[in-house]
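Engineer: Keeping their order, the protein sequence lines are chains A and B. Using numbering that gives the first Met the number 0, you'd call the opening residue of the first sequence number 0 and step up by one each time. Using numbering that gives the first Met the number 0, you'd call the opening residue of the second sequence number 0 and step up by one each time.
Since the hints were derived computationally from the structure, they do not count as laboratory data. For each residue, glycine too, the CB sits at the ideal point set by N, CA and C. Honestly, I wouldn't trust all of these hints.
Derived, one-sided and incomplete: chain B residues facing chain A with beta-carbon distance under 10 Å [said to hold, decoys possible]: (1) Asn39; (2) Tyr56; (3) Asp86; (4) Leu93; (5) Phe155; (6) Ile255.
According to the in silico footprint, chain A covers these stretches of chain B (three or more CB under 8 Å from chain A) [claimed, not checked]: (7) 15-24; (8) 41-53.
Derived pair list, reagent style PhoX-like, types lysine-lysine, alpha-carbon separation capped at 25 Å [what the hints assert, rightly or not]: (9) A:Lys146 with B:Lys88; (10) B:Lys55 with A:Lys209; (11) B:Lys55 with A:Lys146; (12) B:Lys55 with A:Lys210; (13) B:Lys88 with A:Lys416; (14) A:Lys209 with B:Lys88; (15) B:Lys55 with A:Lys245; (16) A:Lys159 with B:Lys88; (17) B:Lys55 with A:Lys269; (18) A:Lys446 with B:Lys55; (19) A:Lys446 with B:Lys267; (20) A:Lys217 with B:Lys125; (21) A:Lys210 with B:Lys125; (22) B:Lys55 with A:Lys168; (23) A:Lys287 with A:Lys299; (24) A:Lys217 with A:Lys129; (25) A:Lys170 with B:Lys267.
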Amino acid sequence: MKKTVSALLTAVLTVGTALLTSCGTASSASSQAPASSAASQTEVSSAASATGPKVLNWVADGEVTTMDAGKSYDVISGSQIDFQVDTLYSINEKNEAVPSLATALPQVSKDGLTVTVDIRDDARYSNGDKITAADVVYAAQRVVDPKTGSQNASQLNYLKNAEQIIAGKLKPEELGIKALSDTKLQFSLVAPSSYINTTLSSGLLSPISKKFVEAQGKNYGLSADSLLSSGPYVLKDWNGTDISWKFVKNPYYWDAKNIYFDQINVQVVKEVATGVNLYEAGKLDGTKVTGDYLTLYKGKPDLKTVQTLRLTNLEMGISSNKDLQNENLRKALFYAVDRQELVSSILNGEGVPAVGVIPDGIAVNPDNGKSVKEDFDPLVKTDDAKAAGYFQKALSELGKKSVSLKLITSDEDQSIKIGQYLQSVYEKKLPGLKIELSNVPATVRFKQMMSYKFDLALGGWTGDFDPTSYIQQHETSYEHNHSQWKSQELTDLLKKLNTTDGSDFTLRWQHLKEGNNYLLDHVVVIPLYQGAQSFLVNPKLKGIVTHVLGTPIDITHAYFE
Amino acid sequence: MKNRWLRFIGRRLAYMALTLWIIVTITFLLMSFLPGTPYNNQDRLTAAQLQMLNQKYGLDQPLWQRYFTYLGNILRGDFGISLQFSDQKVTTLLGSRIGVSMQLGLQAVVFGTVVGVALGTVAAVKHNTWIDTFCSLFAILGRSAPNFVVAVLLQFVFAVSLSLFPIGLWNEGFRSSILPTLALSISPMADSARFIRTEMLEVLNSDYIEFARAKGMSELHLVVFHGLRNALIPLITILGPITVSLMTGSLVVENIFAVPGIGEQFTKSVLTNDYYTIMAMTILFSALLVVVLFLTDVLYQIIDPRVRIGGERS
């Protein structure tokens, strides 16, 4: 009975908090195990081992915004598109590209500007048509064509002429991608890139049949019937805005023999508590968990936590606030935050402390294979004495007795809590500092940051496999340089990173380190934590690949043991 | 008489159209003041891209021009496309969702009102007994318990513990609708119970009831045909808006039971600047409300002799 009550309470609390403030991490902790955990797991596995079609019941935590690979920009859509497109390369657990539609890793010319890729000649769409190199070219041209309106078009900016085509100044046909034959692709890059293998794994480069797209016209991609699959599964029963749909195995997929499930049913469940109940009842083989459920499932085989490349930072409007132009004040703010406390008591383990401006788990040192956390200087620290010292220095330099700053956060639950945490920590550790909180809708926060007129704001950045974007964000002329920090040194460094470094991996890694250290030394931004997502996954399900970027749990090649 | 009805209906229809037009105009204006863009990936868009997207969706035109284009389009039945659901027609979105919400809403209103009226009547008849106290307590609880608590409780007790109904999802036909309906019906149930109790007490104390009782009419007949009929009239007034708000869905209940209703779309469309979905939701909501208010007035004309349409000025 006690267990039942506690599970129920958790459910009410989680749902309640989630609904009141739209993102759930309830505050009360409960260490009781869920009521029917053991019983229902046997139920799940017996269902799995039954003969007949092999079916997986999977979950999505929101509707898909689009099933069109060329338009997709969000994680949920991307994860559903993964089922139905074949990409040149797929990303394995170690963030390395492995050939999929391509037959081998790309060949890069000496100057690093021309890349050729061979694709398989046995690849087919779900209607039996052959997939050719021209289809990849068409897909890429379609993405940058302003008529398509892809919000993700700038992801192809590494290709020659992409930027001009997106801005409507050149024709899509002038994009730096060509089909040399039915199975040979040639890419022309703007600059050499050390991450070309992983970059080419993008769904934006998954083949599309021009014939099919043109036959569908305006309706292309708007429902299951107006899509063609090039991947392991074919989408069914989706009208464009549904909250459930399914995938059936694509018999024409070149690797169909290694695809285990005949059918995957996907159900949108937005309430974490409902998802957990459905999971426990054996109706779902996986679901997302947050807040108290993390404590409840801690140590169980069902719980899977996946780190993301989302970095949450405390950003400063250095250009608009005179006080923040004082480096000692910024240093005081930097050293006063206890990031470990933040992730364990405020985020309930839904994140890890930031190690720098570049997140851990992204690229590795090309020479020794060490990660950012292992290889970079440990500059992100907590030091109360230092913080207090810097603050005193700042006050005397500014000739003030106190400083007050306004902190803008989004108005969802987690951001509000982080804001309150920062306020209490700063006001306690730095007497004389006054933090005023302002919780606003995300769009308003975003607009204020983009106006560059603010004191403090809780912001974040998600880059891709190339760590450069995390440095780029703070470059003098970059539009997302919210602090408006001006530095010729950083501009020069980025120029090197984006051009000449492309062919010298060691030097490039060195420059990334320099950029990271420069931003931390001058406290242009205060990194707080790196995101993590947690899921309950049927322990019988094997062959899962987790990703720091894109689909957190990739089950396209998963199977039941 | 017939003429009067026609004029009454004609005038009301004209008012309804005018009301809708005013609502559309005001919403359109307010919407244009929303900060941000309707593009969900806006923090990754360059200025050039933003410009091309605005051009594609016609958002680069001046406000008045967009307003008139929009008015023209809706008159032709084109409600535009949703930007949070990349280029899907708004009518597809509403079409696939509104049915579920309306079904749940109507079931909840019918069930809630019937049970509520019964509770209220019993409470009034057994005035100042434990039954009355129980009914009133139930009504107060039902009115004040937030529906996420009610929904989670129902889900936990009837689905998780007793396994009588599905925990959620919309794949078992009517069975899937039972728990969400129950969760939604609590509020109309509590409202009508309180309302009917008050009205019944008043009616039951009136002279004509005393008279009927003196004539020797049976108590059941008296309560049902004389008491309830009169007490029900004011209930019609509050039922209209309740029905509309339940039919347009509940974010909370629909999310908890993972049913494909429309409840969330209003909030979500505003938060994501999904302009045409905001407009379509507003039009849908206000059209339903206006129509229901009109029907309420017509019903009044029929059942309540005191509010007959005023005659010609004599």
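Engineer: Look at each hint and say if it fits the structure.
Structural biologist: Checked hints:
Annotation: asparagine 39 (chain B) was flagged as interfacial toward chain A, and the flag holds, the nearest CB pair being 7 Å apart, inside 10 Å. With a least beta-carbon distance of about 7 Å to chain A, the hint placing tyrosine 56 (chain B) at the interface is held under the 10 Å criterion. Interface restraint check for aspartate 86 (chain B): the shortest CB-CB distance to chain A comes to about 7 Å, inside 10 Å, so the restraint holds. Taking 10 Å as the C-beta cut-off, the interface hint given for leucine 93 (chain B) holds, the closest approach to chain A being about 9 Å.
This hint holds: phenylalanine 155 (chain B) has a C-beta 5 Å from the nearest C-beta of chain A, less than the 10 Å allowed. Among the interface hints, the one on isoleucine 255 (chain B) holds; its C-beta lies about 5 Å from the nearest C-beta in chain A, closer than the 10 Å criterion. By the rule of at least three residues with a Cβ nearer than 8 Å to a Cβ of chain A, the coverage given for the segment 15-24 of chain B is violated, with 0 such residues. Requiring three or more residues with a Cβ within less than 8 Å of a Cβ of chain A, the coverage given for the segment 41-53 of chain B holds, as 11 such residues are present.
The straight-line distance between the Cα atoms of lysine 146 (chain A) and lysine 88 (chain B) is roughly 17 Å, inside the 25 Å bound, and the hint therefore holds. Note on lysine 55 (chain B) and lysine 209 (chain A): the hinted pairing holds, with a Cα-Cα distance of about 21 Å set against a maximum of 25 Å. Of the supplied pair hints, the one linking lysine 55 (chain B) and lysine 146 (chain A) holds, its CA atoms being roughly 7 Å apart against a limit of 25 Å. For the hint pairing lysine 55 (chain B) with lysine 210 (chain A), the CA-to-CA distance comes to about 23 Å; that is within 25 Å, so the pair holds.
For the proposed pair lysine 88 (chain B) and lysine 416 (chain A), the alpha carbon gap of about 37 Å is over 25 Å, so the pair is violated. For the hint linking lysine 209 (chain A) to lysine 88 (chain B), the alpha-carbon distance of about 23 Å falls within 25 Å, and the restraint holds. With a CA separation close to 32 Å, the supplied pair lysine 55 (chain B) and lysine 245 (chain A) exceeds the 25 Å bound. Among the hinted pairs, lysine 159 (chain A) with lysine 88 (chain B) is inconsistent with the structure: their alpha-carbon atoms are about 34 Å apart, more than 25 Å.
Between lysine 55 (chain B) and lysine 269 (chain A) the alpha-carbon distance is near 32 Å, which puts this suggested pair outside the 25 Å criterion. With a C-alpha separation of about 22 Å, the suggested pairing of lysine 446 (chain A) with lysine 55 (chain B) holds against the 25 Å cut-off. About 19 Å separates the Cα atoms of lysine 446 (chain A) and lysine 267 (chain B), which keeps this hinted pair within 25 Å; it holds. Using a Cα cut-off of 25 Å, the hinted pair lysine 217 (chain A) and lysine 125 (chain B) is violated, with the two alpha carbons roughly 65 Å apart.
The hinted pair formed by lysine 210 (chain A) and lysine 125 (chain B) fails the criterion: a straight-line CA distance of about 76 Å is larger than 25 Å. Only pairs whose Cα atoms come within 25 Å are accepted, and lysine 55 (chain B) paired with lysine 168 (chain A) is accepted, the gap being roughly 15 Å. For the given pair, lysine 287 (chain A) sits about 15 Å from lysine 299 (chain A) by alpha-carbon distance, which is consistent with the 25 Å threshold. The suggested pairing of lysine 217 (chain A) with lysine 129 (chain A) holds, with an alpha-carbon distance near 23 Å, which does not exceed 25 Å.
A hinted pair counts as satisfied when its Cα atoms are at most 25 Å apart, and lysine 170 (chain A) with lysine 267 (chain B) does not qualify at roughly 36 Å.
Going down the numbered hints, you'll see the structure goes against 7, 13, 15, 16, 17, 20, 21, 25, while the others check out.
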